[in-house]
Amino acid sequence: MSELLLGFADDELIIGWRDSEWTGIAPMLEEDVAFSSIAQNEIGHARAVYQLLSDDADALAFDRPPADYRCAPLVELPLLDWAHTIARRWLYEVADEIRITALMEELPLAAKINREEAYHRMHAEMWHERLRDEPRFRAAVEELWPYTLGVLLPEQREELAARVGLDEVSAVERGMHTDELEPLLEEMTMVRRSAPVGAQW
Amino acid sequence: MVTAEHVWAAFEDIPDPEIPVVSLVDLGVIRSVDVSDGRVHVEFTPTFLGCPALEVMKRALEDKVAELGAEAEVEVVNDDSWSTDKITAAGREKLRVAGFAPPGPRLVQLRSQVHRCPYCGSTQTKLENLFGPTPCRSLRYCTSCRQPFEQFKTI
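Heads up: the sequence lines are chains X and L, in that order.
Oh and the first sequence: position 121 is 121 in my numbering, straight run, nothing missing.
Take the position in the second sequence, starting the count at 1, then add 201; the result is the number in my numbering.
Hints were generated in silico from the structure; no laboratory data involved.
Given the structure is predicted, the values throughout are model-derived calculations rather than measurements.
Each hint should be verified, as a subset may be incorrect.
Here's a subset of chain X near chain L, in silico, CB distances under 10 Å, partners left out [as the list claims (entries may be wrong)]:
1. 17
2. 36
3. 38
4. 40
5. 45
6. 98
7. 101
8. 104
9. 105
10. 109
11. 118
12. 128
13. 129
14. 131
15. 195
The following label-pair restraints were derived from C-beta to C-beta distances [said to hold, decoys possible]:
16. X:182 <-> L:221: 39 to 47 Å
17. X:166 <-> L:267: 35 to 43 Å
18. X:1 <-> L:348: 32 to 40 Å
19. X:196 <-> L:253: 16 to 24 Å
20. L:346 <-> X:182: 34 to 42 Å
Yeah, the Cβ is synthetic: ideal placement off N, Cα and C, and Gly gets one too.
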């Protein structure tokens, strides 16, 4: 269970970080606000789950070597074009809903997280409706599909495939990392590593 | 000797750090107050998990209890016990008067999707953005009185 929760928290932290990269530079102001707000929620979810797993959530979030992170490779990818960014948001939210629904049976915190995620899903679905027939968006969904399967446990993937409307293929599994994770962590932990001992926030 | 009633009354003076027209009691984030042997145990439930005001709220609760001459133990409870239905009737009215459309009752709002303008009361409003300046707000526009406004999200 704690391995599963650590993977969940790491996914939320890292996708929150990637979403926050649109702050200030999204193609329209509404999306600038949306991505910033979604990022804030996802990182808040990560913090709450880390607090379940450890007395020092910051240490768990920031002080591990890259190989010890349990995030799925999907969330690590740096996506600098909008079609891929929206494709990932939509795919991640579809997968995340299946995962959170399963966690809610045992974990009251998951039900709380689910209330906030409802708004992420509305946002993702709105964009999916708008872009679903665009070739660039379709191509991005197909490219990210093997990564999306890796977000969920094998027994949850059939439902994911049905919801997304694609066939199950070989997944890019959790446990391996892309080359992108190390530079991401380097940047993400910079402030923490450079803070003087005893600094108060 | 401090009683739970004193503590509740004092907490009514603590404004929400981001929407100061409502107090933490109005928001419904204080789940319980227990006093024994001069120690005050407070159970506090966050609104949105990513809300940066959580630490400020927690500290404000501790400081307020200290003002009463007691020591506080504020326990943050991350279960599913808070929803926007916990905001009191008085709190909703304070939000509306300040130009924040209060969240509707959860079951009604999520089914009907009716959002009322806090200024003119019209239901002829449209969504501008699901997200706003803080995690708890959406942006809407009233086509009757042509006023943009902030909608407290129903969760």
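Structure-based check of all given hints:
1. For residue 17 (chain X), the suggested interface contact is broken, since its CB lies about 13 Å from the closest CB of chain L, more than 10 Å.
2. Interface hint status for residue 36 (chain X): upheld, as the beta-carbon distance to the closest one in chain L is roughly 8 Å, under 10 Å.
3. The interface hint given for residue 38 (chain X) is met, as the beta carbon of that residue sits about 7 Å from the closest beta carbon of chain L, less than 10 Å.
4. Given the 10 Å rule on beta carbons, the hint for residue 40 (chain X) holds: about 4 Å separates it from the nearest Cβ of chain L.
5. Because the smallest distance between the Cβ of residue 45 (chain X) and any Cβ of chain L comes to about 6 Å, under 10 Å, the interface hint for this residue holds.
6. The interface hint given for residue 98 (chain X) is violated, since its Cβ lies 19 Å from the closest Cβ of chain L, which is over the 10 Å cut-off.
7. At its closest, the beta carbon of residue 101 (chain X) sits 13 Å from a beta carbon of chain L; the interface hint therefore is violated under the 10 Å criterion.
8. For residue 104 (chain X), the interface hint holds, since its Cβ comes within 10 Å of a Cβ in chain L; the closest pair sits about 8 Å apart.
9. Interface hint at residue 105 (chain X): violated, since its Cβ lies 12 Å from the closest Cβ of chain L, which is beyond the 10 Å cut-off.
10. Interface hint at residue 109 (chain X): satisfied, since its Cβ lies 5 Å from the closest Cβ of chain L, which is below the 10 Å cut-off.
11. Proximity of residue 118 (chain X) to chain L holds as hinted, the smallest CB-CB distance being about 7 Å (cut-off 10 Å).
12. Taking 10 Å as the C-beta contact cut-off toward chain L, the hint placing residue 128 (chain X) at the interface is violated, the least distance being around 14 Å.
13. Evaluation of the residue 129 (chain X) hint against chain L yields a violated restraint, the C-beta minimum of about 14 Å exceeding 10 Å.
14. Contact between residue 131 (chain X) and chain L, as hinted, is not supported at the beta carbon level, the nearest pair being about 17 Å apart and thus beyond 10 Å.
15. Because the closest C-beta pair between residue 195 (chain X) and chain L is about 17 Å apart, greater than 10 Å, the hint is violated.
16. Restraint check, residue 182 (chain X) to residue 221 (chain L): a C-beta distance of roughly 43 Å satisfies the suggested window 39 to 47 Å.
17. Take residue 166 (chain X) and residue 267 (chain L): their Cβ atoms lie about 58 Å apart, and the range 35 to 43 Å is violated.
18. About 49 Å separates the C-beta atoms of residue 1 (chain X) and residue 348 (chain L), a value inconsistent with the hinted range of 32 to 40 Å.
19. Look at residue 196 (chain X) against residue 253 (chain L): about 22 Å separates their beta carbons, and that is inside 16 to 24 Å.
20. A C-beta distance of roughly 54 Å is found between residue 346 (chain L) and residue 182 (chain X), which places it outside the suggested range of 34 to 42 Å.
Hint compliance for this structure: hints 1, 6, 7, 9, 12, 13, 14, 15, 17, 18 and 20 are broken, all remaining hints hold.
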